[in-house]
Amino acid sequence: MTDEPLLRVSALSKFYGSRIGCENVTFDLWPGEVLAVVGESGSGKTTLLNCLSTRLLPSSGTASYRMRDGQFRELYRMSEAERRFLMRTDWGFVHQNPADGLRMTVSAGANVGERLMAVGDRHYGKIRATAVDWLSRVEIDEDRIDDEPRAFSGGMRQRLQIARNLVTRPRLVFMDEPTGGLDVSVQARLLDLLRGLVTDLGLAAIVVTHDLAVARLLSQRMMVMKDGRVVESGLTDRVLDDPRAPYTQLLVSSILQV
Amino acid sequence: MTARPADIATYNFAYLDEQTKRMIRRAILKGIAIPGYQVPFASREMPMPYGWGTGGVQVTASIIGPEDVLKVIDQGADDTTNAVSIRAFFKKVANVAVTTETAKATIIQTRHRIPEHPLTAGQVLVYQVPIPEPLRFLEPRETETRKMHALEEYGLMHVKLYEDIARHGRIATTYAYPVKVEGRYVMDPSPTPKFDNPKMHRSPALQLFGAGREKRIYALPPFTDVVSLDFEDHPFEVQTFDQPCALCAAENVYLDEVILDDHGGHMFVCSDTDHCEKRREQGHRGHLAPETPPALEKTEPAQ
Numbered sequence: 001m002t003d004e005p006l007l008r009v010s011a012l013s014k015f016y017g018s019r020i021g022c023e024n025v026t027f028d029l030w031p032g033e034v035l036a037v038v039g040e041s042g043s044g045k046t047t048l049l050n051c052l053s054t055r056l057l058p059s060s061g062t063a064s065y066r067m068r069d070g071q072f073r074e075l076y077r078m079s080e081a082e083r084r085f086l087m088r089t090d091w092g093f094v095h096q097n098p099a100d101g102l103r104m105t106v107s108a109g110a111n112v113g114e115r116l117m118a119v120g121d122r123h124y125g126k127i128r129a130t131a132v133d134w135l136s137r138v139e140i141d142e143d144r145i146d147d148e149p150r151a152f153s154g155g156m157r158q159r160l161q162i163a164r165n166l167v168t169r170p171r172l173v174f175m176d177e178p179t180g181g182l183d184v185s186v187q188a189r190l191l192d193l194l195r196g197l198v199t200d201l202g203l204a205a206i207v208v209t210h211d212l213a214v215a216r217l218l219s220q221r222m223m224v225m226k227d228g229r230v231v232e233s234g235l236t237d238r239v240l241d242d243p244r245a246p247y248t249q250l251l252v253s254s255i256l257q258v
Numbered sequence: 001m002t003a004r005p006a007d008i009a010t011y012n013f014a015y016l017d018e019q020t021k022r023m024i025r026r027a028i029l030k031g032i033a034i035p036g037y038q039v040p041f042a043s044r045e046m047p048m049p050y051g052w053g054t055g056g057v058q059v060t061a062s063i064i065g066p067e068d069v070l071k072v073i074d075q076g077a078d079d080t081t082n083a084v085s086i087r088a089f090f091k092k093v094a095n096v097a098v099t100t101e102t103a104k105a106t107i108i109q110t111r112h113r114i115p116e117h118p119l120t121a122g123q124v125l126v127y128q129v130p131i132p133e134p135l136r137f138l139e140p141r142e143t144e145t146r147k148m149h150a151l152e153e154y155g156l157m158h159v160k161l162y163e164d165i166a167r168h169g170r171i172a173t174t175y176a177y178p179v180k181v182e183g184r185y186v187m188d189p190s191p192t193p194k195f196d197n198p199k200m201h202r203s204p205a206l207q208l209f210g211a212g213r214e215k216r217i218y219a220l221p222p223f224t225d226v227v228s229l230d231f232e233d234h235p236f237e238v239q240t241f242d243q244p245c246a247l248c249a250a251e252n253v254y255l256d257e258v259i260l261d262d263h264g265g266h267m268f269v270c271s272d273t274d275h276c277e278k279r280r281e282q283g284h285r286g287h288l289a290p291e292t293p294p295a296l297e298k299t300e301p302a303q
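Chains as they are written, first to last, in our numbering: chain B, 1 to 258; chain R, 1 to 303.
Treat the hints as calculated values from the structure; they're not laboratory data. Be aware that one or more of the hints could be misleading.
[As the list claims (entries may be wrong)] Have a look at the derived ranges for each label pair, beta carbon to beta carbon:
no., chain 1, residue 1, chain 2, residue 2, range
1, R, Pro198, B, Tyr76, 39 to 49 Å
2, R, Asn12, B, Arg150, 34 to 44 Å
3, B, Ser60, R, Asn12, 29 to 39 Å
4, B, Arg77, R, Pro66, 35 to 45 Å
5, B, Thr105, R, Pro66, 18 to 28 Å
6, R, Gln239, B, Arg77, 44 to 54 Å
7, B, Asp147, R, Phe236, 21 to 31 Å
8, R, Glu139, B, Gly180, 20 to 30 Å
9, B, Thr105, R, Glu257, 49 to 59 Å
10, B, Ser60, R, Thr173, 42 to 52 Å
11, R, Ala150, B, Thr105, 47 to 57 Å
[Said to hold, decoys possible] Restricting the straight-line Cα-Cα distance to at most 25 Å, the calculated cross-link-like pairs of lysine to any residue (SDA-like) are:
no., chain 1, residue 1, chain 2, residue 2
12, R, Lys147, R, Gln282
13, B, Lys126, R, Glu153
14, R, Lys160, B, Glu148
15, R, Lys147, R, Pro40
In this text, a Cβ means the ideal position worked out from N, Cα and C, and glycines have one as well.
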C-alpha cells in the first residue's frame with residue numbers, strides 16, 4: 001500500500017448566494033477507505049458530494065486527487081474533458097434514484113458496457129462477456145441482460161447501477177444515499193453486496209447517508225455534518241459509540257430501537 | 001417598379017436574398033473547414049413545408065449560379081413529386097439548366113441517395129437532412145450532445161450498435177448509419193441507406209448537408225475520410241440483393257421493391273432511375289423490362 005492519500009480536500013466551501021451549502025470542509029481520503037458523511041437533510045452532505053465529484057464547482061477551497069500515475073491533480077483546475085474522463089474511468093457515482101444514473105431505454109448489458117465502449121472497447125463479444133460477469137457479481141440473472149432497466153425492480157436497478165459504475169474498475173466511488181427508498185430486506189442485501197465489492201476491489205468510497213446503520217456497516221470513518229459544517233469526525237465505531245458533539249449525541253439517540 | 005402586368009412577382013436570383021445567401025455560404029465554408037461539424041445557421045422560411053428539403057434547397061440556392069446544371073433526386077428517382085417540384089422551383093427562380101443525367105450535373109440535390117454513377121471533382125452533392133444529430137435519439141439534450149461532440153465522447157454511439165446486435169444478432173441499422181469523419185466528428189449521413197456510406201469515403205465531389213428545421217449545415221470536402229462505425233467482431237457491411245434489377249439487370253446497385261398488383265406480385269428495380277435508364281439504352285435487359293424503353297427528356301437548357 002501507499003502512504004499517500006487518494007483525495008486531499010482542504011477548506012472546501014460552497015455558498016448559494018448568502019446561504020451556506022457547506023463550509024470549510026477539510027479531510028483526506030485514503031485508498032481502500034470508506035468514508036460516511038452523515039447528517040440530517042439540508043446539512044450540506046449532497047452539496048459536499050457534488051463538489052467533490054466535480055458536478056458542482058465550490059466557491060472556495062481545493063481538492064486534489066492522486067491519479068493513476070501517482071501525481072496529484074487539482075480537481076477544479078482540470079479541463080472539463082479531463083474531469084469527464086475521470087468520471088467515467090477512475091470514478092463512479094451511484095445516485096439515490098437509479099433512473100438518474102442509468103439509461104432506462106437501453107438494455108442492462110448496454111448499460112454495463114457503455115463505459116467500456118466510452119474508453120474505446122470495440123469488441124462486442126468481450127463487452128458482452130464482461131457485462132455477463134458483472135451482472136452475476138451484482139446478483140442479476142444472466143437471462144435479464146437484454147431487458148431494459150424499466151422492467152427491473154428498485155433493488156435490481158440499484159445493483160445494475162453499481163455494476164455499471166464498477167465495470168471500469170474505478171478507484172473512488174461516490175454514493176448518494178445508495179439504499180434510500182429500498183425496503184429493509186433489499187437494503188440489507190445491497191449493503192452486503194456493496195461491502196463485499198468494496199473489500200474485494202479495494203475501492204475507496206464516500207457514502208452520503210442519513211442512515212446511521214448504513215454508515216456503521218459500510219464505513220471505517222465518518223463525518224457528521226450540521227448546517228453545512230462538519231461537527232464531528234472520527235472512526236465510525238468511536239463516533240457512534242461515544243459521540244462527543246451535542247448534535248451527534250442527539251443524532252445517535254434518535255435511532256428508533258425496535 | 002414597372003413590372004409587366006402579366007408577370008408573376010419577381011424574385012431575387014435563386015429565391016433567397018443576397019444577405020441570406022452570404023450567411024449560408026459562411027456556414028458552408030465553416031462546415032468545409034471542420035468536416036463533419038454541425039454549423040448552426042439562421043434557416044429561413046421556404047415556400048415548402050419542413051421535411052420536404054428546406055435545408056437542401058437553401059444550400060442549393062446559396063451556391064447555384066446561372067451556369068450551373070441542376071439535378072434533383074428523391075430516393076434516387078428524378079421523377080417523384082419532391083424531385084420534380086424542386087427542379088421546377090429552381091428552373092423558375094434561377095433559370096438554370098436542369099438535367100436528370102448524373103454525369104452532366106454540376107449540382108445534385110438529393111433526398112436519401114447517392115447516385116450510382118461515380119461523382120467527379122467539381123460536382124457538388126447537396127443532401128436534405130431531417131435530423132442532423134446522430135446522438136439525438138440516445139441523448140435528447142442539445143447542450144449535452146454539443147458537449148459530447150466537443151469532447152469527442154462517442155461511446156454512446158456504440159451503445160446503439162450494441163443494442164442492435166443484442167436484439168437482432170447483427171447491426172440492424174440500415175439507414176442513417178453513423179460515420180466518423182477524418183477520425184474526429186461522428187456524423188449522421190442523413191437517412192441514406194448504409195449501402196451508400198462507402199461512396200462518401202474519399203469522394204472527389206464536395207458534399208454539403210442542409211437541415212432546415214434543425215438549422216444546421218455540415219460538409220464533407222472532397223477526398224475526406226468517412227468511416228462507418230462498427231465492432232471488431234461485427235464489421236460494417238452494406239446491404240446485398242439476391243437478384244439483379246428487374247428492368248436493367250444491374251447488380252451491386254441499390255434496389256427498391258415495387259409492388260405490381262394486389263396478389264403479392266413485386267419486383268426489385270434500381271432506386272437510381274437515371275442509372276437504370278442509361279443501362280437500358282445501352283441494351284441491358286432485365287426479366288421484366290418492356291419491349292421498347294420510353295424516350296425521356298434528359299436535359300432542359302436555361303431559357
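Would you list, in rising numerical order, the hints stated earlier that this structure does not obey? 2, 3, 4, 5, 9, 11 and 12
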